[in-house]
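In order, the protein sequences belong to chains X and B. Counting in my numbering, the first sequence runs from 415 upward without gaps. Counting in my numbering, the second sequence runs from 26 upward without gaps.
Possibly wrong hints are sitting among the right ones.
Said to hold, decoys possible - Derived coverage of chain B by chain X (criterion: at least 3 residues anywhere in the stretch with Cβ under 8 Å from a Cβ of chain X; other residues may be distant):
#1 40-50
#2 108-115
#3 118-126
To be verified - Looking from chain B toward chain X, a few residues come up when the C-beta cut is under 7 Å (computed):
#4 R30
#5 S31
#6 A34
#7 G35
#8 S74
#9 V253
No lab work stands behind these hints: they were computed from the structure. Where is the CB? At the ideal position from N, CA and C, for every residue including glycine.
For reference, the chains in residue letters:
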Amino acid sequence: MDKQPSDRTEQVETLTPLLAVDDLFCERDERVLFQNLSFRLAEGQVLQIKGGNGSGKTTLLRILCGLNDNYQGLIRWRGELLANCVEKFHDGMLYLGHRVGVSKVLTPRENLLWSGHLHRQISADEMDAALAQVGLQGFEDSQCFTLSAGQHQRVSLARLLLSEARLWVLDEPFTTLDVRGVTFLENLIGQHSDRGGSVLVTTHHALAVDGLTELTLGVGQMPRGSLS
Amino acid sequence: MSAARSTLAGAVVATLRRDLLIAYKRKNDLFNPFMFFVLVATLFPIGISPEPEALGEISAGVLWISALLASLLAMDNLFRADFEDGSLELLMLSPHPLYFLVLAKNIAHWLVSGLPIVLVSPLIAYMLNFPEGAYSTLVLTLLLGTPVLSLLGSIGVALTVGLGSRGLILAVITLPMSVPVLIAGTLTVSQTLEGASLSGYLAIMGAMLVAALTLAPLASAAALRISVN
Numbered sequence: 415m416d417k418q419p420s421d422r423t424e425q426v427e428t429l430t431p432l433l434a435v436d437d438l439f440c441e442r443d444e445r446v447l448f449q450n451l452s453f454r455l456a457e458g459q460v461l462q463i464k465g466g467n468g469s470g471k472t473t474l475l476r477i478l479c480g481l482n483d484n485y486q487g488l489i490r491w492r493g494e495l496l497a498n499c500v501e502k503f504h505d506g507m508l509y510l511g512h513r514v515g516v517s518k519v520l521t522p523r524e525n526l527l528w529s530g531h532l533h534r535q536i537s538a539d540e541m542d543a544a545l546a547q548v549g550l551q552g553f554e555d556s557q558c559f560t561l562s563a564g565q566h567q568r569v570s571l572a573r574l575l576l577s578e579a580r581l582w583v584l585d586e587p588f589t590t591l592d593v594r595g596v597t598f599l600e601n602l603i604g605q606h607s608d609r610g611g612s613v614l615v616t617t618h619h620a621l622a623v624d625g626l627t628e629l630t631l632g633v634g635q636m637p638r639g640s641l642s
Numbered sequence: 026m027s028a029a030r031s032t033l034a035g036a037v038v039a040t041l042r043r044d045l046l047i048a049y050k051r052k053n054d055l056f057n058p059f060m061f062f063v064l065v066a067t068l069f070p071i072g073i074s075p076e077p078e079a080l081g082e083i084s085a086g087v088l089w090i091s092a093l094l095a096s097l098l099a100m101d102n103l104f105r106a107d108f109e110d111g112s113l114e115l116l117m118l119s120p121h122p123l124y125f126l127v128l129a130k131n132i133a134h135w136l137v138s139g140l141p142i143v144l145v146s147p148l149i150a151y152m153l154n155f156p157e158g159a160y161s162t163l164v165l166t167l168l169l170g171t172p173v174l175s176l177l178g179s180i181g182v183a184l185t186v187g188l189g190s191r192g193l194i195l196a197v198i199t200l201p202m203s204v205p206v207l208i209a210g211t212l213t214v215s216q217t218l219e220g221a222s223l224s225g226y227l228a229i230m231g232a233m234l235v236a237a238l239t240l241a242p243l244a245s246a247a248a249l250r251i252s253v254n
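My request is simple: use the sequences and hints to build the entire structure.
Structure, rendered in structure tokens:
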């Protein structure tokens, strides 16, 4: 019934970038991490953030997802300033950090149940399917301290499968994964992008994803972020 | 996005459930504050005097101080593990208000660290020759007071969770805020023994609880944002 208005809003959404960053400046311990950093992230775009160790990749991601507010500049989510639409933004964004958010005393299933419910209602079947897909079949009910770091990472990958977020913010998601895990995540990123989702990812690994764009953060000598 | 978005109640219940589950699986953390309370309270007769009269006189204060110290000891469990494994970040990036999620964590924490102390207090009180006729008041004040201690402590923990070495700083932040609760709690018990009407004192403690319930999670949430920053 409400087809027309919803069509129109969808059109507007494809016109404004999902995430727009203007003149971002961040300083930590009296060292400028980046300044005049501007870029746009469109729907379906996969943006790899590159830069040496200590160049501020993690800081940038934490700023973009609202965990760090030590910055100057404008960040817009679908054309709205981040500060004005925190709830909508958190609804549409999924962050996977260095610390994967997996409690060691809980089982993968219990961990997922909680982190999933912070965002949406998930059924037991969905959860089992997601755990099987990330290769944790048979480990659903073992406590996480018996699992390896790579398996912890896989638990957090299952969050990607269960999420409906448009934007994935992934901080070094490949570090602990094995070869098959890496291929799996690359495919996952590709599929997400095909469905119109966007991905911000930091990694030192050469990503095999179609239509990949890159943003390089310079260390000191190259403060201007350049989009290639 | 779609209809499948979780409700606030769903997220709060999931958080409560998770924290209770973690407490259940880490039985050490569960019993530490409880054992601490019992140990401290039992040391007083040995240190001061085993005379029933002398004990009876100080028993209310002993119980309250032991409860305060035990709650302080238990506080560190509240956010630390979550901070270290990154769960805290997930909590903060949830679309639901952090206030309610922090409140859920506080409630779970009190259920495993505060409630057992309240429940065992009559037994310890009996051991300390606590004056008859004030048992129910004692339990009631602890029931109203320990959640306040928990909620106030959570502000301190939220502020210090990002620090590498905390040492005594948590106590330095939390204890001054806890003193009014201690005074109100012991005063209520002693006034009962003198035959004064209870309702006024209990109302003050109730007001403290309401104020802590409404304001402390706000402060904790703000402090957590600073700590994670």
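Against the structure, the hints:
1. Residues of the segment 40-50 of chain B with a Cβ under 8 Å from some Cβ of chain X number 6, which satisfies the need for three, so the listed coverage holds.
2. By the rule of at least three residues with a Cβ nearer than 8 Å to a Cβ of chain X, the coverage given for the segment 108-115 of chain B holds, with 6 such residues.
3. Residue count for the segment 118-126 of chain B with a Cβ under 8 Å from a Cβ of chain X: 5. That meets the three needed, and the coverage hint holds.
4. With a least beta-carbon distance of about 5 Å to chain X, the hint placing B/R30 at the interface is held under the 7 Å criterion.
5. Below 7 Å, beta-carbon pairs count as interface contacts, and B/S31 has one with chain X at about 5 Å; its hint therefore holds.
6. For B/A34, the shortest C-beta to C-beta distance to chain X is roughly 10 Å, which exceeds 7 Å, and the interface hint is violated.
7. Annotation: B/G35 was flagged as interfacial toward chain X, and the flag holds, the nearest CB pair being 6 Å apart, inside 7 Å.
8. Taken as an interface hint, B/S74 does not check out: its beta carbon lies about 43 Å from the nearest beta carbon of chain X, beyond 7 Å.
9. A hinted interface residue such as B/V253 counts as satisfied when its beta carbon comes closer than 7 Å to some beta carbon of chain X; here the least separation is about 6 Å, so the hint holds.
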